[in-house]
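Student: Below are the chains, spelled out letter by letter.
Number of protein chains: 4
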Amino acid sequence: MGIGTYEAYVERLKKMKPNIYMNGKKHGRDEDFMRGGLYVIKQTYDCANDPKYEDVCTATSHLNGEKINRFTHIHQSKEDLLNKQRMTKLLCHRVGGCIQRCMGTDALNALSVVTYDCDEAVGTKYYDRFLKYLEFCQQNDLTCNCAQTDVKGVRGIRPHEQPDPDQYLRIVDVREDGIVVRGAKVCNSIAPYTDEIIALPTRFMGAKDAAYAVAFALPADWEGIKIMGLPGLQSKRVKLKAPVAEVGDVESLTIFDDVFVPNDRIFLNGLENPETVKFAGYLALMFAHFHRHSYTGCKAAVSEVLASQATLVADVNGILNKEHVQEKISHIIGTAELVFAAGEASAYKAVQFPNGSYVPDEILTNAGRRLAGSEIYNEYSILADLAGGLSASLPTEESYYDPETAELVAKYTKRNPEYSAEDAHRTFRMMENKLCSPFSGAEMVAGVHGGGSPIMETITMMSRYDLTPLKNIGKYLAGINDDIPRYERPTMTPRAMLDKFKKTEK
Amino acid sequence: MGIGTYEAYVERLKKMKPNIYMNGKKHGRDEDFMRGGLYVIKQTYDCANDPKYEDVCTATSHLNGEKINRFTHIHQSKEDLLNKQRMTKLLCHRVGGCIQRCMGTDALNALSVVTYDCDEAVGTKYYDRFLKYLEFCQQNDLTCNCAQTDVKGVRGIRPHEQPDPDQYLRIVDVREDGIVVRGAKVCNSIAPYTDEIIALPTRFMGAKDAAYAVAFALPADWEGIKIMGLPGLQSKRVKLKAPVAEVGDVESLTIFDDVFVPNDRIFLNGLENPETVKFAGYLALMFAHFHRHSYTGCKAAVSEVLASQATLVADVNGILNKEHVQEKISHIIGTAELVFAAGEASAYKAVQFPNGSYVPDEILTNAGRRLAGSEIYNEYSILADLAGGLSASLPTEESYYDPETAELVAKYTKRNPEYSAEDAHRTFRMMENKLCSPFSGAEMVAGVHGGGSPIMETITMMSRYDLTPLKNIGKYLAGINDDIPRYERPTMTPRAMLDKFKKTEK
Amino acid sequence: MGIGTYEAYVERLKKMKPNIYMNGKKHGRDEDFMRGGLYVIKQTYDCANDPKYEDVCTATSHLNGEKINRFTHIHQSKEDLLNKQRMTKLLCHRVGGCIQRCMGTDALNALSVVTYDCDEAVGTKYYDRFLKYLEFCQQNDLTCNCAQTDVKGVRGIRPHEQPDPDQYLRIVDVREDGIVVRGAKVCNSIAPYTDEIIALPTRFMGAKDAAYAVAFALPADWEGIKIMGLPGLQSKRVKLKAPVAEVGDVESLTIFDDVFVPNDRIFLNGLENPETVKFAGYLALMFAHFHRHSYTGCKAAVSEVLASQATLVADVNGILNKEHVQEKISHIIGTAELVFAAGEASAYKAVQFPNGSYVPDEILTNAGRRLAGSEIYNEYSILADLAGGLSASLPTEESYYDPETAELVAKYTKRNPEYSAEDAHRTFRMMENKLCSPFSGAEMVAGVHGGGSPIMETITMMSRYDLTPLKNIGKYLAGINDDIPRYERPTMTPRAMLDKFKKTEK
Amino acid sequence: MGIGTYEAYVERLKKMKPNIYMNGKKHGRDEDFMRGGLYVIKQTYDCANDPKYEDVCTATSHLNGEKINRFTHIHQSKEDLLNKQRMTKLLCHRVGGCIQRCMGTDALNALSVVTYDCDEAVGTKYYDRFLKYLEFCQQNDLTCNCAQTDVKGVRGIRPHEQPDPDQYLRIVDVREDGIVVRGAKVCNSIAPYTDEIIALPTRFMGAKDAAYAVAFALPADWEGIKIMGLPGLQSKRVKLKAPVAEVGDVESLTIFDDVFVPNDRIFLNGLENPETVKFAGYLALMFAHFHRHSYTGCKAAVSEVLASQATLVADVNGILNKEHVQEKISHIIGTAELVFAAGEASAYKAVQFPNGSYVPDEILTNAGRRLAGSEIYNEYSILADLAGGLSASLPTEESYYDPETAELVAKYTKRNPEYSAEDAHRTFRMMENKLCSPFSGAEMVAGVHGGGSPIMETITMMSRYDLTPLKNIGKYLAGINDDIPRYERPTMTPRAMLDKFKKTEK
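Protein chains in written order, with this note's numbering: chain B, 27 to 532; chain V, 27 to 532; chain G, 27 to 532; chain W, 27 to 532.
The hints are simulated quantities; they were obtained by calculation from the structure and are not laboratory data.
Check each hint, because a few of them may be wrong.
Heads up, the list lumps identical chains together, so a pair's fine if it works in one copy or across two of them.
What the hints assert, rightly or not - The list that follows gives simulated cross-link-like pairs (lysine-lysine, DSS-like), each with its CA atoms no further than 30 Å apart:
id	residue 1	residue 2
1	Lys43	Lys437
2	Lys68	Lys267
3	Lys104	Lys78
4	Lys234	Lys437
5	Lys43	Lys234
6	Lys262	Lys52
7	Lys52	Lys104
8	Lys158	Lys52
9	Lys52	Lys78
10	Lys526	Lys348
11	Lys68	Lys52
12	Lys234	Lys348
13	Lys437	Lys52
14	Lys51	Lys262
15	Lys526	Lys68
16	Lys526	Lys41
17	Lys151	Lys234
18	Lys158	Lys262
19	Lys51	Lys437
20	Lys52	Lys93
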């Protein structure tokens, strides 16, 4: 069956070997610190099983025609890309932020495209291997992590030039039955509670970086994988339960401490054939691209959630109809709309690749993601502005129930009479969670960096955008050229970069 | 035949009665001050006749299946809306800015939707009348102006409350064979060189404003129409001809000095039936909406043109590859992409109306237009930044040919050796045109206000956006509500405002 | 002696009656949750006793010529105002943010000016009473809180119109020996660990609000004062002690549950004489004004601290010399410089008031404070940008010491070889504290709202700025007026508002 | 006498040899195209002779104690620097923009400091020579231009590396009685109507650039100086005279076509002594620094003028009291205040140099100038926003007097009844001048680039700002360093760069 349940997922986690290191101890996946992350992932199973969300949260497997969870699906059409955006947005609404599971989806989609293209070009046999793995993920509705960002050591020099060669994940041994890898992946959110970890390269690799051109998938508790965990949680509520307080995650630094990868789990190996090395960068970009396209869904949702909270707290404060308040909320809404529209327009321009996948337009995807990233702190600033200082000085929850203070704090934190004291309290408790908690701090950082920081999107845009025809418009208008050919920017995808890269190599 | 020629258009203009007032004289349409505007409109005829642009610049009339100029077409599909955007962008590239003729197209489309709806609701007979007029425009490929913005007098009070009742265009007499109107429309670009002037209301009208609920079309030289003209032109080039220097317009204040409108040219008359009054606002919004959607095409082009010129001048200056230069250009490109994507996504969400027309999504359209408007001066700032001060202190063109100075000025204004002295000169001459001319100043002002200034788009967005389901997301996350219904923002169009307005009235 | 010690301060706190309500219990001032706030206040005593800081941290009392802690000083000159700014900035550097104690200083200065002016105008006797209280504060080097912001209930209506009349602090009983007050003050930082609480009005009061025109000072543990506390603390470090982790505060909602105020502690009482009522607003503004001037010192420091941390983490990341990094850091530095310069220029323009105090220029002070407030989230965004995602996913501190992981995490979180693994760890631990903690979230909120949110500063600026002479420049240039008088903006202080208010009253 | 008259100035100009090349002809200084520039310079003479402005517009010569025009004064105190700022602002108010004459003042001040320091260090005799020249300027109240910006040819390579060695002004011959120079200076505003042209280097020069290390002063019509002129003028008004329409300038590219400079006019000559070469960069920076400090006066005025015009037009439009209008105007005012305050605070921190001059703080000066430059287009955007589209489509002036249209256009361009039709007309005519004219376009470009574009100020700030003590704050807070020394940023001046440069050389 291609649609799993939360219960089955939790059962699988419980059976895993403890390999999460925190606070000086080794932890399994059955402890309370997991609660926030599990709450989020739960939505991805529940909604796939809920007829209300079926149209967006499920898909039809191109492998066997079965109904599957869309999180394990390879996009077969523009409609699939649009539905992924919609699913992402809808689920993000339910958790008030990142739905977390898209990274696995994006890794599967990137592998599908790139293993096929690599096989075609080089004659390797990765794609069939990948399809078997994909079927396994679809059948069991597995939650996958994507471990991409290497720790990178000294900036500005290439992997093989590093004083410590392990600063990028690399192959340290090749055996008959597989390879041994060493290195670490950072900012590796949700690794502590996924079934599988998919490791992909983080950048282009040159000929001398062949040992670094490696991609594979392994169970998250595999021998030698050591996960340094960092839970992101809201304080437990005493009485006033609320989704915003249930949500959390466990971030990680995932260390591959000489880990054996069996052959059937290897999807790229630069030591196998030097021609495959350049596919490392192609794969890195392809994952980043799918992931940024996912962000056009989730970041739109993040902005909408912030707008929803800004609207609510402004209403509780009795200032919702003020001109400047409307203007500020409209600013967040406008960003949400533009980011989502960038993703939609990218999807409509998507190109079918040789493996059958649809890949959205890269420049628009990056333009959308960049806008979101450059606005995120500003959106929190607006929320803080409209919420007011009470967000940062709210009496503790217990004070609302302590007989000596309950009546007083209720009296003095009520505002707009249309909201009960409890609803005002709930609203400001949410503001505290949203504006003044480790988890919200991490959300802001993730808003800047997740999927690539704004400067990476500028670089991606400008490395892909062909300035020549654009410059020709200028030359025509200046009278330097006699005419301009009719110009419409062609759809760009990471493949263009691969081609460019090939030319440069020679 | 539904595709006219520039020559036929010019012939029609020449036959018109002089009614353009400038510099203390009355002018006809055969003088040199028209050259800039004619140059622009010429493109709209030439490209419709050019097989290279046929796919976007022509359309199939829904009246008779004939091939027509897309500027006279009523959008029959989402594809039509997308093609209008593409046509607009492509033509704007050719003139380095506004293509000017879309206002007529947008007026025709608004009338098509609203006259039909009005007839349905009230029983009037405007739609058939409109169709006859439309056929006349299509058959002759007429260029139409839209006169919308009233001079408005005292702000903050309604038309009928004005001390001078003529501050909004109004009906001052009703006759058997027509009506007599009085008032003036401002910022009425291109009226001096269009075949027809279509007058539409500028705002919602209340019951007491019935005489102001009026829409009609008349030939531009009709008795009583007095056009106060203001040519926007670049200085004539001595030697270095260039498209950027050919382009211009004639702005106007169009005065209706007790003008008779025959019955077959009236498309809304609030005195005919009090039920029609509310359609004034609906028509005002519908035109603004179509026009803002056109802006998602032209403003994207305006940004691309600025990016093209920034790229060229940065290259001539030898700084194109600097990190900060790339970042600045990418900022303009990103805006162009997002604005155009907003228009595309609006088109994909378009709704078919009872008359058969497709109407794009209003919130997205406004979000896109607002972004463009709020960025325009910043984009010129980037252009000025990359061009440098020479743009504002270039020797006169003659100095490049005066034997005493020619060699010296060529020597001292050459920069990047990849560009000849003449090409550098051409580039900076274009910078002078673009940064330091009355026409470019007007372009900046139009970038802010054309189609509605940013604050109008904020108001439109917020009056249409339903904050309740959004607020419910906040309530759900705070634990105030138990669950949220699945929420996706529905497509919004000006019709929603009409419905809202109807409710308010009661 | 006018310069106290931290030890004496702590002794005084220990003797106070428990009246801090948190987590369902009543707490005294001898518990661990106070540690962060005490760490900060400690600097204000230690530096006053440190010869290195003596020049800025001490002053000469105008009451008796004794050397006192500058935090208890009434500014007697422009130099005093400049020194207050410098002291604030220097101490803020030491705690990496708000020095917390300035609110008391600003309250004393506001009372000094306003009680004198009120006595002069109305014949009350507040100033002498105030001087006795001031001497008591100076002699004992007391730390004072200022309780200003009322909870405000329903926005947009005045205090006496509130359905619940206690939403603004008010006099509920007048006795021979004093008054009884009821109400609550919110966002009342540091009240849990100050000697004294000074309560001031939060806004202008009309004639019907006379009972709300009240100001007084009381010991923080006075009968009936109930402090709802909220500690802001960083997680305790296991091994790597660092100032950034020591710093904290305790925020509060301070409830006055029918509190008796003896006559000698009352500094404004609107029920005593109706003429005094208008001094409520004057006092509110005067405190806000002094407080915003303090912000030109502390916010400059906050920006410098963020720039210092951005510089450090960029260096640890090995990217400090990148063009875009330098540009981003320069942006923060530029803001710090401009904010501080606004405060300095305000001080140089300061006006001596009848009581002998110097009051800085209001428009400049607000312009500086506003810039800081509007940039604060952006500055955190830059810090997050340069720090990278590791800030939000750092392994727990214990992982650096757990034998099973210590070597690995050190290896994989080291970067620029010029920094040891421990220093890199220290730097990212600080980033976690600064970007992802409840305390840093509260710092961001305080950056927006402390001393008045940006919109309040805009309102203050515009209510004080006389647009008439400015408009006259426009009229002169347009030829409407024949000439302009020489125009230099006069120094503005809250007094102008008092005068304006008086006129409006009539 | 040290205070001249406009009449004497004009007489001097009339006597000059024609050497202004425009439109293919050679022009003298007695033609109408000069009118705008002369109007501006006139204010600098008239106000120095007007008792109302005497305190700021005159100064006491340190050479002989005579009263002189402040534009010829060497700043002898902080008060002088503050007065220069005030003078600049006041005069800019009168012309609605740049007062143009400060460039000469700044050149004289830079020469005063640098020639003295050079003599001290190297043993040259420039300072005495300079003093004689200064006295000549003071006695005759001469208007001086500063020719700094070389045309620069190929970017990114040094002067002596240029394929065409004349792309930076250089010495091509050394004679007994002087030197011969060749090259061209661009963006050389006001050269066509100054008495003298002072040429200074544009950048640091290395040992091989010795021939480029040259500074001198010559009469503007000196043999071999060829001025390529570009007049900036508003259209002549028919009836409605107004200062805004009188103002203008003549920009230029000034070519030195093998020009002989007699010894007594040479202030730096790198061929005379290799040790002097490094003073070229010092002089370049010192002029830029004084000029940017002047900008803290004039750019504050430019913003105030824009705010004054925004206020007026908003009032004419009847929207002045709208919340968003007030917010926008306050934004411009806030910038003006902050920019001016940066200059004031720089002045208060000024350092006395060996020659006796006062030199303001460099980082603050640059922070202030940068803010102004980065806001200028945004301020025009606000003006365009509040003025509305009529600014770009106003009927021609004659239409207001043509009997056939006069009444109609008056009727239809009147708005707020508090303003007569003529005053409304005057206001919008000013808007046309300000938003849509070649001169206003040039003003915007100059707002970005004059005195150095924003990126140059960022580079200057960051090359001067010592990040080490700042980074130490970060290290202390992180626990890397045990303590921080008390840190206050020292005053920085271009001299620091000279010292840095000296170290680098070795």
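Student: Indicate, hint by hint, whether the structure satisfies it.
Tutor: To see whether the hints hold, each was checked on the structure:
no., hint, verdict
1, Lys43 - Lys437, "between (51 Å within a copy, 24 Å between copies)"
2, Lys68 - Lys267, "within (17 Å within a copy, 39 Å between copies)"
3, Lys104 - Lys78, "both (22 Å within a copy, 28 Å between copies)"
4, Lys234 - Lys437, "between (69 Å within a copy, 23 Å between copies)"
5, Lys43 - Lys234, "neither (36 Å within a copy, 70 Å between copies)"
6, Lys262 - Lys52, "both (23 Å within a copy, 21 Å between copies)"
7, Lys52 - Lys104, "neither (44 Å within a copy, 58 Å between copies)"
8, Lys158 - Lys52, "neither (33 Å within a copy, 62 Å between copies)"
9, Lys52 - Lys78, "neither (40 Å within a copy, 49 Å between copies)"
10, Lys526 - Lys348, "between (53 Å within a copy, 20 Å between copies)"
11, Lys68 - Lys52, "within (24 Å within a copy, 39 Å between copies)"
12, Lys234 - Lys348, "between (62 Å within a copy, 26 Å between copies)"
13, Lys437 - Lys52, "between (47 Å within a copy, 19 Å between copies)"
14, Lys51 - Lys262, "both (22 Å within a copy, 18 Å between copies)"
15, Lys526 - Lys68, "neither (42 Å within a copy, 40 Å between copies)"
16, Lys526 - Lys41, "neither (46 Å within a copy, 57 Å between copies)"
17, Lys151 - Lys234, "within (23 Å within a copy, 61 Å between copies)"
18, Lys158 - Lys262, "neither (42 Å within a copy, 48 Å between copies)"
19, Lys51 - Lys437, "between (45 Å within a copy, 19 Å between copies)"
20, Lys52 - Lys93, "neither (38 Å within a copy, 58 Å between copies)"
Of the hints listed earlier, those the structure fails to meet are numbers 5, 7, 8, 9, 15, 16, 18, 20, in rising order.
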